[in-house]
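**Q** Dock chain one against chain two, each of which comes alone in its own frame, and use the hints as you go.
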Amino acid sequence: MAKIGVFICHCGENIGAKVDCTKLAAAMGEHPGVAVSVEYKYFCSDPGQESVKRAIRDNNLTGVVVAACSPRMHEATFRKACAEAGLNPYLCEIANIREQCSWVHTDSDQATEKAMDITRSMVEKVKRNNKLQPIEVPVTRRALVIGGGIAGIQAALDIANAGQEVVLVEREPTLGGHMAQLSETFPTLDCSQCIMTPRMVEAAQHPKIRLLTYAEIESVDGYIGNFSVRVRMKSRYVDIDKCTGCGDCITKCPAKKISSEFDCGLGKRTAIYTPFAQSVPNIPVIDKANCIYFKNGKCKICAKTCQCDAINFDMEDTFEDLEIGAIVVATGFQVQNNTMYGEYGYGKYPDVINGLQFERLASASGPTAGKILRPSDGVEPQTVVFIQCAGSRDPSKGVRYCSKICCMYTAKHAMLYSHKVHGGKTHIFYMDIRAAGKGYDEFSRRAIEDDEAAYLRGRVSKVWQENGKLMVRGVDTLLGRPVEIAADMVVLATAIIAQPDAKEFAKTIGIGYDEYGFYNEAHLKLRPVESSTAGVFLAGACQSPKDIPDSVAQASATASKVLALFSKDMLEREPVVATNNEATCAGCWGCVLACPYNAIEQKDILDRSGKVIKRVASVNPGLCQGCGTCVTFCRSNSLDLAGFTEKQIFAEVMGL
Amino acid sequence: MPMSETFEPEIIAFVCTYCTYAGADLAGTSRLKYAPNVRIIRLPCTGRISPMFILKALQKGADGVLISGCHPGDCHFTHGNYHARRRWMVFRALLDFIGIPPERVKYSWISAAEGVKFAEFINSVTEDIRKLGPFEQYSQLIEQTQAPASL
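Going down the list, the sequences are from chains A and B.
Just so we're aligned, residue 1 is where the first sequence starts under the numbering used here, counting upward by one.
Just so we're aligned, residue 1001 is where the second sequence starts under the numbering used here, counting upward by one.
Excised from the complex, chain B in its bound form (with noise of 0.2 Å):
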């Protein structure tokens, strides 16, 4: 990739059906504007994101993922976004045991009344994916290893 050029950085966002997706409609309601960087997965709570998605997305080639649900105390599910949490703290370790750099996978609360803050969020994400730039390092692991079977 030459230099003038810009990364434009896939990313690949997990969020729950009740807040963040929610807000992510409030965006667009409000009309506005953020990079479009991002591609959402809806899921009825962050409970049900394994990190196995997560992996998924990597593998997929996202350089970037993110994951947000409703802030403490609000999962309409009472505590889904807790267990989320929780898993995601160990996994944050696992990750970077394993070779892939934490910082490429984003974690926030993100409510349905939060429109102005989910545009912002994603054009901070993106813009800090591309900072970090594509995530080579694990596409060249995937040739080497053959690519993934498709499903």
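Isolated chain A, as found in the complex (with noise of 0.2 Å):
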């Protein structure tokens, strides 16, 4: 005879506002097989759960409905202390009467009928649930970091240091990422090559870190533990073991004026290069669709300039198959393109440039040497405008989120500006100014009383050219009045957006994205750098924009992540897996063809003599990921997947 117990929690004030707890917990209380139904205000909380524990060992309880947040949120609590009152945690469900309950109607009755509703449901289900054990399974010792960003460099170092092995791949040509293309680092000013710089030859030399540069991930399988990755080698043509670095090839190649990206079309650079000098590895590549060799069939230059003999173009996509247990991934993110702006005029304009580029421009290892100069003729600016939340918080025509740095870069800018420019003149048209973090407000303040940022609490409407300058008209919306500028320079702040194949390659690994294609975390608060996919994890700007020192310590947080999952010999799995009945199987084999895992084998019965009496389906739990689609396959109803069984679902339905 069931035993149910049925814990409602009023969340505070968030379920017992609108659904009418003390109605819910009498009528659950009235249902054939609920032993205990009762409502406490925060059951999530200590009092709370151990009175769930007292309950159980009170009542005897066969099995517990907390009728509360949603699964994703609270299941595995319950389920913990339903284990540690000595109740199967497995006999736990939670009904989800907040998130898709008390928070989205208005009606506190139609809510609270819905409660009963949900709260029924679940009894049902949960008097015909099983007692289930977690599932073994082995795990691989080798994390995969997915960019060599700052982010990236940081996990793949620490998981490193703590002695377990990294594979890093990056698809550039070179570790680095953006952080390798800024000039200085606000709150601090320190040069960011000086301290990026150091930390990619660490990871390249590191002996417990495998380096793939020009590398990309060409498919992921397996699970949690063990994941199978496979990646494409993009041709070099070069040979890295050959190349020593030299850089004559690159002296030598006649393709000059090729736009450089890593300067963001700033500078030039040739056909075979490395993005810049402190390139790690310092290995260059040939841009095959620049390259006169690849166009014309003629020139080799290169291969005649270089004395070990590492040009190779015959060269071709090489793959890699790696056995992987853990994945990081920080694939950071892009600037937008602000054309979509006309009023300001990139794009149209040279000397309207976007904070990037003129990170490039502040930068010494730039395209100007860390000199100030207008992109058009290569004179110092005088005035320069800057305009923050160029795409960001702007839903009509860029994006509705804020950046994040934007604030802070700029502040940096107009510092920059007015170290390198004496007399120089800085206008900064902002909405708000967002100085969060430690020593970041007093930083904005420094720019603005020692360095004399002119800040505008305004938009601007349009840039246009006039007589040499760039015309900027917009609004002081704190004197209450129209602003025009004559500027030689425009920055735009533009906003931060996810990688443009973000989407594609989230269904790569199979991790969740948001509508901007932001990679989605577990839990926002609570499981920040775990993707919704176990064995996956978030770091750097591929899950928000983020500045450095965020993106370093959610790195450090997934390498802490890695490294418990490396702490185990065995790794336990939910153990929601497919079961078969093999007494009922007829052996067609439809759920062969219907898993996506190949978790499910041919098994021969035997009978004493040894003979094949009947061959049957059997499921490899270790492979099996609970996706239930054999069991809908099943023409016999032989398959069954444990916690979501034919028997509890209908149950559901007739509980409703």
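Don't read these hints as lab results, they were simulated from the structure.
Treat the hints loosely; a few may be bogus.
[Stated by the list, open to error] Going by beta-carbon spacing under 10 Å, a handful of chain A positions derived as facing chain B:
{"no.": "1", "residue": "K114"}
{"no.": "2", "residue": "Y516"}
{"no.": "3", "residue": "T629"}
Yeah, the Cβ is synthetic: ideal placement off N, Cα and C, and Gly gets one too.
**A** Written out as structure tokens, the structure is:
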């Protein structure tokens, strides 16, 4: 006889204010098989969990339903509490009466009625739950870090320094990511290259880190602890083992006028190139699209110059197959193209640039060797206008969210400019100054007070060229009057967006993403570095726009998650797996076709003499991921899915 | 039922936990408001949804059923939703054949990021089913052939 305990949580007022919990508890108390039905303000709290445990022990409960928030929030909490009280944790189910009831309905009676249905349905399900044991799977102690920016490097170093193997994959020819492009960094103004390049070298030389640059992830299969990853090694046309990085080929290459991606189009590079002088590894690649030999069939000057015979025009993409236990995704971000703002003239006037281009101008490794010179004529600008939120917080043309770093880098740009161009004037159009962070507000105040950046609260309506100047018309909303500034250069604080192929890539590795293409964390507050896929973690700006300290912190957090995973010999997995009734299985193999994981094998049933009497399907619980597609496919109803059995689901429907 | 009273349909939804269930949670955390007529049943994947569940829901007295999962290509289990889609294509024709109007069963893709889409979908389905009215045809059939046996 079922003895179910129903625990109805008020969640403060989140549920209690909309759903009549007393009525709900009384109604559930009347339901057949329910032994205990109680309500409490916060069941997830310590006294709340204790009361659940006490009720289980005192009443010998055979099942528990907690009517509270989403199971995605506290299922694990309550299952653990049940286990501590001696009840098999899989005999506990959550009725979601917060996210899917009290928060989304306005009428109290209707919400209460719906909460009753949801809870009753769960009671009916839990009556049919079975005791399950977690499944143990082995773990491969090797991490894959995807993306060689600051987040990826930090994660790789932290994991490797703890003694575990790491494969670091970067799709560009060098490590470094966006941070290598930056000039100085806020709020300390230390040079980005000076703090970045030593870490790049450390990662490349670390005995536990295997570095694969100019490589992309082709496919990811498997599951936590046991991923199989295929990496495409793009052909560099330069033999990485032979090349010494002398750079002679780069000097001699005749195709010299190719716009440099690293310099955001402000500088030029050759067809055989390293993105920048401090590239790691310091091995060039040939840009096939721009190489004279690949275009015309003649040239090969680089090959003739190379004394190590490292150039190989016949090189083809190769593949590496890796066995991986955990994946850190640190694929970073891009800056938005501002050409959709016709009024700002980006793309039309060469002296309207974006923030990342300004970084290259201000950087000692940049095209102007750190001198602020305007792109059109190389003259030092005397007046610079910065426009913040060029794309951010603009639902109509840009993105709805705040890009988080622009307020700070604009303040930094104004400071760098005033340090480099004495007497130069800066005007900053802003909506709000969002300078939350250690030392951040002090930093932005310094830009205003010490470096005389003129902040104007308002938007810019138009930028146009007049007598060799860029005329900027905007509004100063604090003074309530229009402003017109004759500027020499305009810098747009462009929105940070997800990588253009972020969604495609998410599908490759099987993680979730939001409407903008940023990767979804398992829980925004409590599991911020885990993806919804077990064993895949998120670091840096691929999850949301963030600055360097946050990216590094998040990267170290992923490393600790990976190391926790690697600290065990065996991993415990949810026992939601398919099971087969061999007595009724007809051996049609429909399930084999349906299974995405090749988890179903053919098994011979032998008689005593060893003769095969029947062939049936057999589920390998280590490989089964518990989607249940095979169960629905099964013609003889032999397969079932633990935790979501036919009986349980029919009972849920009938319980509504 | 008097004509003045608006008909409140009972709708049962079968959703996958990775996309649409999470989308429904997002609608909650975003405090969107939608019609209270839908009861959600959570499954690991739309691939787990058997046509029998749909029939069971209608047998239970639901006026409408909806199924929703990850967008094509986004399935957490790589292709459970494709199986579900193929199954639905076949089952829809069968529904028509056995006399259940296919417009009482709705199919949709809603991702974990689409809280707004979820709320709008629930509202539009509720409105559509409300227009269709109660599924009396089926309840009459049940009455005539005895009530379904309880589990």
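**Q** Would you pick out the hints that fail for this structure and give their numbers low to high?
**A** none
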